[in-house]
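Got two chains here, each in a separate frame; can you build the complex from them with the hints?
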Amino acid sequence: MPKIGITTTVPLEIILAAGYAPVDLNNLFMSRDSLHLVHQAEIQGFPRNLCAWIKGIYSVALQEGISQMVAVTQGDCSNTQALIEMLSLEGVRVIPFAYPYDRDEELLRLQMERFLKSLGCSWESALAMKERLDAIRLKVHRIDRMTWDEGVVSGFENHYYQVSCSDMQGDPESFEAQVDQFLDEICTRERMPEKIRLGFIGVPPIFTDLYSLVESLEGRIVFNEVQRQFSMPACGQGEDLVEQYRRYTYPYDVFARIADIREQLAVRRIDGLIHYVQSFCFHRLEDLIVRKSINLPVLTLEGDNPGRIDARTRIRIESFLQVLKERKGA
Amino acid sequence: MEAHELVWGMDLGSREVKIVLLENGDIRQMESHETIAFYRACRQVDPGKLRIMDETIGPAQNPCYPVVTTGYGRNSLTFENSHQIPEIMAHALGARYLTGLSDFLLVDIGGQDSKVVLVENGKVVDFIMNDKCAASSGRYLENMARVLGFSVEELGRYYRDPVELDSTCAIFGESELIGKLVEGVPLPSLCAGVNFSVFRRIAPMLSRFSSEIVVLSGGVSRNEAIQHIIRENCKPRQVLVLPHGQFAGAIGCAHWYTHRV
Numbered sequence: 000m001p002k003i004g005i006t007t008t009v010p011l012e013i014i015l016a017a018g019y020a021p022v023d024l025n026n027l028f029m030s031r032d033s034l035h036l037v038h039q040a041e042i043q044g045f046p047r048n049l050c051a052w053i054k055g056i057y058s059v060a061l062q063e064g065i066s067q068m069v070a071v072t073q074g075d076c077s078n079t080q081a082l083i084e085m086l087s088l089e090g091v092r093v094i095p096f097a098y099p100y101d102r103d104e105e106l107l108r109l110q111m112e113r114f115l116k117s118l119g120c121s122w123e124s125a126l127a128m129k130e131r132l133d134a135i136r137l138k139v140h141r142i143d144r145m146t147w148d149e150g151v152v153s154g155f156e157n158h159y160y161q162v163s164c165s166d167m168q169g170d171p172e173s174f175e176a177q178v179d180q181f182l183d184e185i186c187t188r189e190r191m192p193e194k195i196r197l198g199f200i201g202v203p204p205i206f207t208d209l210y211s212l213v214e215s216l217e218g219r220i221v222f223n224e225v226q227r228q229f230s231m232p233a234c235g236q237g238e239d240l241v242e243q244y245r246r247y248t249y250p251y252d253v254f255a256r257i258a259d260i261r262e263q264l265a266v267r268r269i270d271g272l273i274h275y276v277q278s279f280c281f282h283r284l285e286d287l288i289v290r291k292s293i294n295l296p297v298l299t300l301e302g303d304n305p306g307r308i309d310a311r312t313r314i315r316i317e318s319f320l321q322v323l324k325e326r327k328g329a
Numbered sequence: 000m001e002a003h004e005l006v007w008g009m010d011l012g013s014r015e016v017k018i019v020l021l022e023n024g025d026i027r028q029m030e031s032h033e034t035i036a037f038y039r040a041c042r043q044v045d046p047g048k049l050r051i052m053d054e055t056i057g058p059a060q061n062p063c064y065p066v067v068t069t070g071y072g073r074n075s076l077t078f079e080n081s082h083q084i085p086e087i088m089a090h091a092l093g094a095r096y097l098t099g100l101s102d103f104l105l106v107d108i109g110g111q112d113s114k115v116v117l118v119e120n121g122k123v124v125d126f127i128m129n130d131k132c133a134a135s136s137g138r139y140l141e142n143m144a145r146v147l148g149f150s151v152e153e154l155g156r157y158y159r160d161p162v163e164l165d166s167t168c169a170i171f172g173e174s175e176l177i178g179k180l181v182e183g184v185p186l187p188s189l190c191a192g193v194n195f196s197v198f199r200r201i202a203p204m205l206s207r208f209s210s211e212i213v214v215l216s217g218g219v220s221r222n223e224a225i226q227h228i229i230r231e232n233c234k235p236r237q238v239l240v241l242p243h244g245q246f247a248g249a250i251g252c253a254h255w256y257t258h259r260v
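Residue numbers (numbering that gives the first Met the number 0), protein chains in the order written: chain A, 0 to 329; chain B, 0 to 260.
For reference, chain B alone in the conformation it holds in the complex (with noise of 0.2 angstroms):
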């Protein structure tokens, strides 16, 4: 590794713009950006290229570093010294950086997308997405904490009494919810039957791999509720939570700029 090596990694996912700057391998910066007013602050050049002209924003401050990219957005952006690549390896550099372990089943759910991959001996042997549904995802989260009038923070706090919730679609769950309070029904048992609902979603991809230990990333790693719900139905397997998790695929982009060969 050279001397003072500085590398921008960048996760351009569905609702957030995740930047890391790595210095010799340490973080030296993070910051995340809300999609749509990331891509405000971009002017499009080209058709299908967007250049960064906000200069507060990570890479327009010393855009001579190298740029890797990865998520929705990893092709459009313009750089001199850019590369992309692939998202489920992203995370899995991300996570194996951020816990130094080579064997872990990582399980990341971001705004719109899930992903439960397995890592052995350092290695993505296999991995599964969720399908076309954005349900058990950020998304969903935050469309009912708005219907219940709560923060994504508080409704990340119950996990006792849930309610039984038959639909977890992002958009559809609205209206049962709405249902469900007119029945009287607490509103921790809501948010508890919420936060479980997106376990419901996420179990049936954790049980296709075995693995000693599960790593939780994404957004929605940050919610208490689930990562209780996910470490009470995971026994033996040993939960783990990934400080600044929603950072894994940036960090993991600049990690491979690092040690690439």
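With the rest of the complex left out, here is chain A (with noise of 0.2 angstroms):
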């Protein structure tokens, strides 16, 4: 199947019904050689202070050759439109796409419209490419669940799996099968041990192992707000494919994620939240709005290039624990 790039969750089932493989390029990119993608595209002349996702996904889709992208060019950021005007220099098809920000449901079904129509593609075979979807997204809920509630799964773990609903890996079929194997795989898990319960709140991290070293220090993320929006949590109740992508959070406002957010912290019982914002992006500004909207002791923590974690995050990540388990008495 030939692929579309994309750089953030556009209507996957459009894509795949047209017969197109959707390459999520923030997961291509962390899956290679990521510092190196990054220098790449420093040595062509992107800035240093320039976000970091952005320079490996120019590297990485210029090495995989991929040739048709989606444009977000409302509900991502500015960087990414230069990006992808960037590319189309490079002879890379764009396909524009458009979240209206205050959700607009004609807007909304306007930009669906003519994303069908610029694939090649019909409404009717896109809802059914939605009901196929939906069956595998129930099972990435149930991944989630099993987090939280029955602690079985690592943070790491449904992180991966929820990120994964972004393009389904490319290949639905395959995916699923995946998810599958893993779900017969933890059904005779012990409960894992946790002391502090963390929630992970903004942009997927460009760390490679801070879930990890949460768990070093017996605490255990079970919330990761946006990898979860990516499977689409409301999704198989009714919904047609409009209201769908309406419920998804991530592209509209920060006030319909902050309710998203409250809401799970409550269901998760969260000890405390840990705010992840890229180097140079506007969700920094947002960390204002998330303390002053959130009840709960947060660490904002930055990161800049792909990598593990520096000393200085590391020094904040043990403190913050720390308190969390004198407030918790554990």
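Hints are supplied without guarantee of correctness; some may be wrong.
Said to hold, decoys possible - Short, incomplete list of chain B residues facing chain A, as computed with Cβ under 8 angstroms:
| # | residue |
| --- | --- |
| 1 | 112 |
| 2 | 124 |
| 3 | 128 |
Since the hints were made in silico from the structure, they are not lab data.
Source: prediction; values computed, not measured.
A virtual CB, placed ideally from N, CA and C, is assigned to each residue, including glycine.
What follows is the structure, encoded as structure tokens:
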């Protein structure tokens, strides 16, 4: 199947129903020699003070010979828009898509219709694909539940399956087989020990060892906010495709995200929150809103380049877990 | 507590290594070493592990006493009877020991990190640390003092008529300062501007928490101008400057051992 690169979650159903394989370039970037990819873009002239995801995606798209990409012109960042313009200079076909800021149903429907048309797909086949993907998503929701409720899934495993829902690894059948195998494996596991239950909010981390570090300090991340959104947590209730992507919180204003976060913090009995922000990202500013809206200790972590956690970030994580243990009397 | 209990506390910071020896909770010895010189006095034994080979340095004199470490290098030193504790905990314990208080807001400005820690009923309830930039830290003050040809102590005496400095970057602040020198701004105003820019970086962290008492620690707490600026801007809160404030983390380490459960 020909590939279509994506940089954030877009209606996956339409890409797959049109006979293309979606490739989330964020995931691809993290599965390669990520730091090298960032350096390659810097050699091409990408500034040092620019988000590393943008640089990594640029290099990995060229390296993998991605010839078409969805450009999310609203609902993601302006750096992504410029990145795709850079790639179009290299001959990449650009398919625009925009999430309306106020989640206007008509505007979103119009965007989807244009998206269907540009890929030569019908509503019927896209809806049939939604039904197929929802069946897989519901299995991933079970993995999520087995993370926070039954305590048999590690923070990283949870992150991995949720984040993979953004493109179903380009092949829903083999992804589903992987999910099935994992569900079989975990049903015999014992509950994992934990003293502190953490939530992780913000874009997925660029650090490679955050989850294992937290677990080595007797904490466990039992809520991955944006990754969970990739699995469309509110799907499978008879909603149509437009409504599904209106419920998806990430591309709209921060307040819908906050409402979702607050609800999950209570349900999952979270002791403290890690707010991850990427260096040079506009989401950094939303930290102020998060802190004003959430009545739990919040640790803001800033990541720049891909790789293991640096000493200064480690000091902050250790201290945060220590404070939470004292608060909890653990 | 056992009779004549002796404990080493070490804060292995980014600019200085601070070492104290506590005997039955009283300070018996305090020393500080420049970080790089300290690590040079250690010999690499195994990859990632260091042993102090210079016998004039703290725990090497009496290696049989327990050692508690914190700071960036806390995991790298090898001792028979050693413990590591998180940095925020060490500083909060040190401040409690040095003030006898249970409720306060600790403002620690160190070599490259600044932290504001809220302590209630003797426990840390929340904290915030500076972002990735080393501005508003001791390193920035050292750089600026060097550019102006002052010692750090001299720089720390000026707070009147501060010149407006836009960049508090520990590196790029240098060219801005030279620009102001060329414009003919008097040196005392430049020094005051440098000190004021440290406060401006700390102020948003301070405003996040309310506490009647603000306790200053860390090497930068010795800067008299910054003490003055914080006092002027923290009214009506009471501002205390810790004696031996740069040793608060090391003292907290030893104190932790003495009072561990």
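Earlier hints that do not hold, by number:
none
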